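Take the sequence shown: its letter number 49 is residue 49 in the UniProt record's numbering, and every next letter is one higher.
Be careful, since some hints might not be right.
[What the hints assert, rightly or not] Simulated DEER-style distance windows between Cβ atoms:
1) Asn-46 to Ala-73: 23 to 33 Å
2) Leu-124 to Arg-102: 22 to 32 Å
3) Pro-160 to Arg-78: 27 to 37 Å
Hint data in this document are derived by calculation from the structure and do not stem from the laboratory.
Everything numeric in this text was worked out from a predicted model, so none of it was measured.
Built from N, CA and C at the ideal position, the CB exists for glycine as well.
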Amino acid sequence: MASDEEAPFRQTGWAGLRARLFHLYFVLRRPMTLGVRGLIHDAATNSVFLIRHTYVPGWQLPGGGVEVGETMAEALARELYEEGNIQITDAPILKSMHFNRRASRRDHVGFYLVEHFSRTAPKLPDHEIAEAGFFPLDRLPEGTTPATLRRIAEIFANVPASPYW
């Protein structure tokens with residue numbers, strides 16, 4: 001049985017076309033964006049992987065937008081490979097969902113913990129990533145973003161997850 005969200009697409013004729021056009025208008029007028037971020041934890045060195053973009057200040061967790069037709073886990077795997085040459089070797093753990101009100105009124109971020117991974121090579125700077133690397137939890141780089149610090153505290157200091165990024 002189809003869900004209520006699929007109902008407009010079951011209709012045929014003028015009613016179906018009208019429903020599809022209304023749905024398209026709604027998506028274009030009020031699109032929701034969905035992103036993912038991963039906290040890659042190397043337990044052997046008690047360090048986390050952070051990146052520094054070329055276009056925004058601060059050190060942050062790798063991640064990005066979920067593309068059309070992509071699951072959140074697939075987006076996370078793609079982004080980690082693109083931004084850090086990191087391949088996930090076991091299922092990441094979805095820790096929390098956050099409303100990113102600084103990005104837009106409809107932006108949400110899925111936050112994952114990744115403890116099983118391999119790295120093919122160090123990430124070299126490119127047009128998107130200025131720097132990337134693993135940092136010990138007790139020596140995070142200056143300029144680590146507040147959101148990154150909050151996510152790290154939620155995982156390692158048992159601070160309750162904020163609903164906001």
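Problem - Indices of hints not satisfied (ascending) - result: none
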